[in-house]
Amino acid sequence: MDGFRYIGGVATLRLDDAACIGCGMCEEVCPHGVFAVEERKARILDRDACMECGACAMNCLTGAISVTPGVGCAAAILNGWLSGSKSSCGCGG
Amino acid sequence: MTDGKGDPPVAPDPSSPGAAGGCCDPTSGKTVPCCGGGSPSKAEIRYEDTFLDGQVDTPAGPVPRVHSRIGSRDLLGRWKVRWGIGRDRYRVAPGLYALGAPDGNAPVLVTANYKLTFDVVRRDGTGLDAWILVLDTRGINVWCAAGEGTFGTEEVIRRVTEARLAEVVSHRRLILPQLGAPGVAAHEVRKGCGFSVVYGPVRSRDIRSFLDAGMKASPAMRRVDFPTIDRLVLTPIEITGLLRPAGWAAAGLFLLSGFGPGIFSLGAAWERGFAAVAALAAGILAGAVVTPVLLPWLPGRAFSVKGALAGGVLAACAVMWQRGSLEAPAALALLLAMTAVSSFVAMNFTGATPFTSPSGVEKEMRRALPVQAGLTVLAGLLWVGGAFIR
Chain A
1 MDGFRYIGGV ATLRLDDAAC IGCGMCEEVC PHGVFAVEER KARILDRDAC MECGACAMNC
61 LTGAISVTPG VGCAAAILNG WLSGSKSSCG CGG
Chain B
1001 MTDGKGDPPV APDPSSPGAA GGCCDPTSGK TVPCCGGGSP SKAEIRYEDT FLDGQVDTPA
1061 GPVPRVHSRI GSRDLLGRWK VRWGIGRDRY RVAPGLYALG APDGNAPVLV TANYKLTFDV
1121 VRRDGTGLDA WILVLDTRGI NVWCAAGEGT FGTEEVIRRV TEARLAEVVS HRRLILPQLG
1181 APGVAAHEVR KGCGFSVVYG PVRSRDIRSF LDAGMKASPA MRRVDFPTID RLVLTPIEIT
1241 GLLRPAGWAA AGLFLLSGFG PGIFSLGAAW ERGFAAVAAL AAGILAGAVV TPVLLPWLPG
1301 RAFSVKGALA GGVLAACAVM WQRGSLEAPA ALALLLAMTA VSSFVAMNFT GATPFTSPSG
1361 VEKEMRRALP VQAGLTVLAG LLWVGGAFIR
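As they're listed, the protein sequences go chains A and B. Per this note's numbering, the very first residue in the first sequence carries number 1; after that it's consecutive. Per this note's numbering, the very first residue in the second sequence carries number 1001; after that it's consecutive.
Rather than coming from a laboratory, the hints here were simulated on the basis of the structure. There could be a bad hint or two in this list.
Distance condition first, Cα-Cα at most 27 Å in a straight line; then the derived DSS-like pairs of lysine-lysine [unchecked claim]:
1) B:K1080 to A:K41
2) B:K1191 to A:K41
3) B:K1216 to B:K1191
Computed beta-carbon distance windows for the label pairs [claimed, not checked]:
4) A:W81 to B:L1256: 24 to 32 Å
5) A:G22 to B:S1218: 46 to 54 Å
6) B:S1265 to A:T12: 49 to 57 Å
7) B:A1220 to A:G84: 37 to 45 Å
8) A:G63 to B:V1293: 37 to 45 Å
9) B:R1244 to A:G33: 38 to 46 Å
10) A:N79 to B:F1264: 33 to 41 Å
11) B:W1248 to A:R14: 42 to 50 Å
12) B:A1316 to A:R14: 39 to 47 Å
13) A:G84 to B:E1327: 39 to 47 Å
14) A:R14 to B:G1127: 38 to 46 Å
15) B:G1192 to A:G22: 21 to 29 Å
16) A:G63 to B:P1227: 29 to 37 Å
17) A:V37 to B:W1321: 51 to 59 Å
C-beta: ideal position from N, C-alpha, C; glycine also.
With the sequences and hints as input, model every part of the structure.
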């Protein structure tokens, strides 16, 4: 995603090093190459590339990864603010 | 409805709330009697005849076969949903389908029941012998459905069980699109139905290379990208989604433009209103089309900044072009308004991109919305005020 960098320093992604067993699922499912597994441990290479989709946490066997997933969609967030409920997005494209 | 050689597995009307887990007992494995009995709702359009091609017999019963051809109706359908026409009804029936002549060893590809997605999968599967397991994602694409959880662990287990997949194939592997991973826990699927999940490539066009490489995806296949053509095809829906609010805003602008020294003038409402609405339209165009297309080259990371730049430059050109007929306050008003509109509209495009984080969007909105609102109010004051000093 060269040329596509979004606002940095905000991603909620966290990795618990002690709980990681180095299975490599996070590296496999991440569409932005945020993780790399070296010496049986996953490492966050590029946290600012994270778009908080939640794929890594969902597929982490030991629950070592946490992230607050959500839709990165202005309309959804605005709707959430206005209605006081969780953001939801009717994106179908 | 169908070619008459065999109905596809029909699910309960996916548009009705609570349909999931409704009359169909997911453990019985029977799909037809109760679920097939209900007639589809009026809103449901059936597209089966555009892709069905007979059926394949399996130990679990006949499975409808699909072909890989994309016909004129598929193209028309794709064009329509790109413009937002009938998009939430563009679905295929969930369940198991056969592509080519699959046997018990053929791979199982799992996908969504958005017909646009389904068409891409069967097109990219040309020449493959494979099973396609279509999940009920309520007509939403894989990526968005995974985010909402409809392309999810439970639905995978439910469809595997319902299709009696264990009787159809001898292996125990499902190939899921990588972008389905936010909704699916691979280890839970194995626990739930005995099938292990292999995450395939992000794009279905890589599925053949993935299979040829022994179910190995290259790093490039695992990364999302967002090329110009992908951004361009998403712009019509940005515009159609704004038509209604833009209509209200236009009505408001005509009204606002009528105020002046003579309290209200219909002539001014028409003449100045037309200029204001043209600026609104240009602002929308800058935010919904120019910004998405030029996205990687516009400076800044925040979409509101990119949009403001695109709108501002376009507005400056427009003002220069019309400088003979515009007073200074009016020119400044149009410049500010177009910048604000473009910035706001561009911010909306975050929802269509595969790289903006919700935390980032929220941060951007908290900063940008007050500025956009301030610029709009200032533009309105200048616009009305300008009418008095003409």
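Evaluation of the provided hints:
Distance hint between K1080 (chain B) and K41 (chain A) is unfulfilled; the C-alpha atoms sit about 47 Å from each other, more than 27 Å. Among the hinted pairs, K1191 (chain B) with K41 (chain A) is consistent with the structure: their alpha-carbon atoms are about 25 Å apart, no more than 27 Å. With a CA separation close to 23 Å, the supplied pair K1216 (chain B) and K1191 (chain B) stays within the 27 Å bound. A hinted range of 24 to 32 Å for the beta carbons of W81 (chain A) and L1256 (chain B) is consistent with their spacing of about 26 Å.
A beta carbon spacing of about 21 Å between G22 (chain A) and S1218 (chain B) contradicts the range 46 to 54 Å that was offered as a hint. The hint said 49 to 57 Å for the Cβ distance between S1265 (chain B) and T12 (chain A), and at roughly 54 Å that hint holds. For A1220 (chain B) and G84 (chain A), the hinted distance range of 37 to 45 Å is satisfied, since their beta carbons lie about 43 Å from each other. Taking the beta carbon of each, G63 (chain A) and V1293 (chain B) are about 41 Å apart, inside 37 to 45 Å as hinted.
Between R1244 (chain B) and G33 (chain A), the C-beta spacing of about 39 Å keeps the proposed range 38 to 46 Å intact. At about 35 Å, the CB distance of N79 (chain A) to F1264 (chain B) agrees with the hint of 33 to 41 Å. A C-beta distance of roughly 43 Å is found between W1248 (chain B) and R14 (chain A), which places it inside the suggested range of 42 to 50 Å. Range check, A1316 (chain B) to R14 (chain A): about 45 Å between beta-carbon atoms, so the 39 to 47 Å window is met.
In this structure, G84 (chain A) and E1327 (chain B) meet the distance hint of 39 to 47 Å, their C-beta atoms being roughly 43 Å apart. Against the hinted window of 38 to 46 Å, the Cβ-Cβ separation of R14 (chain A) and G1127 (chain B) comes to about 44 Å, which satisfies the hint. Look at G1192 (chain B) against G22 (chain A): about 25 Å separates their beta carbons, and that is inside 21 to 29 Å. Distance hint check for G63 (chain A) and P1227 (chain B): the Cβ-Cβ separation is about 36 Å, which falls inside the suggested range of 29 to 37 Å.
Checking the proposed 51 to 59 Å range against V37 (chain A) and W1321 (chain B) shows it holds: the Cβ atoms sit about 57 Å from each other.
Hint check: violations occur at hints 1 and 5; the rest are consistent with the structure.
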